Amino acid sequence: MSGTHAAVVLAAGGSRRLGRAKQLLTRGGETLAHRAARLCAETSPRRLLVVVGAYREDVAQAVAGIGCELVVNDEWERGLGSSLRTAAAALVAHEGPTLIVACDQPALESAHLRRLLDGAAATGLGCAATLHDGAPGIPAVLPPSWREHAGQLQGDQGMGRKLRELRADAVWTLDAPELGFDIDNDADLRVAIERGLLDDVSL
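Per UniProt numbering, the very first residue in the sequence shown carries number 1; after that it's consecutive.
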């Protein structure tokens with residue numbers, strides 16, 4: 001049965017520091033873009049959006065068959081904020097919470113997403129976030145009001161600041177240190193391969 005939430009996979013970045021499309025790196029032969037979309041699909045969202053920008057044709061091919069909606073962020077070079085604004089605009093008619101997921105956290109598992117959705121449902125605000133060095137971030141479950149704030153985001157601003165402004169008891173938090181590791185550069189890529197989180201590639 002479908003849940004009341006929508007899900008958004010952020011997969012529009014240009015991976016400038018890495019020099020290759022991180023969305024297309026693989027774990028167990030599965031691209032990170034496909035993996036993130038698949039894990040979100042397993043939560044049975046009402047709508048599943050994948051925000052694409054750089055490498056859009058390759059990413060679109062990577063997530064083919066998932067049953068997701070591709071949303072193009074033509075301003076992807078302006079940073080994360082532009083992708084969140086794009087997603088917010090596409091979900092203007094959605095009245096439920098939204099699960100936000102990035103595709104560059106290779107340790108992400110379906111259990112993380114289930115715990116976030118369950119945690120959000122237990123709060124009055126319907127909000128949950130993952131702790132990163134003590135601060136809330138993504139993956140996160142946000143109430144409908146997040147879309148209003150998204151319109152004000154600039155550059156690489158995400159929803160972290162807004163989450164920090166909420167009362168501590170209004171946000172259920174997931175303590176999962178493994179999700180603090182993401183792929184930004186070659187050093188991160190090497191570590192991920194050593195940990196078995198990514199398939200070996202030629203650096």
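Hints may contain errors.
[Stated by the list, open to error] Simulated restraints, written as ranges between beta carbons of each label pair: (1) 122 with 75: 22 to 30 Å; (2) 46 with 184: 17 to 25 Å; (3) 28 with 58: 14 to 22 Å; (4) 92 with 133: 20 to 28 Å; (5) 74 with 19: 32 to 40 Å; (6) 177 with 60: 17 to 25 Å; (7) 187 with 29: 18 to 26 Å; (8) 123 with 201: 37 to 45 Å; (9) 187 with 133: 37 to 45 Å; (10) 124 with 46: 32 to 40 Å.
To be clear, the hints were calculated from the coordinates, so they are not data collected in a lab. Bear in mind that the values here come from a model prediction, so they are computed numbers and not experimental data. For glycine and all other residues, C-beta sits at the position ideal for the given N, C-alpha and C.
Hints versus structure:
no. : hint                     : verdict
1   : 122 with 75: 22 to 30 Å  : violated, 36 Å
2   : 46 with 184: 17 to 25 Å  : violated, 32 Å
3   : 28 with 58: 14 to 22 Å   : holds, 19 Å
4   : 92 with 133: 20 to 28 Å  : violated, 33 Å
5   : 74 with 19: 32 to 40 Å   : violated, 23 Å
6   : 177 with 60: 17 to 25 Å  : violated, 32 Å
7   : 187 with 29: 18 to 26 Å  : holds, 24 Å
8   : 123 with 201: 37 to 45 Å : holds, 40 Å
9   : 187 with 133: 37 to 45 Å : violated, 18 Å
10  : 124 with 46: 32 to 40 Å  : violated, 21 Å
The structure shown violates the earlier hints numbered 1, 2, 4, 5, 6, 9 and 10.
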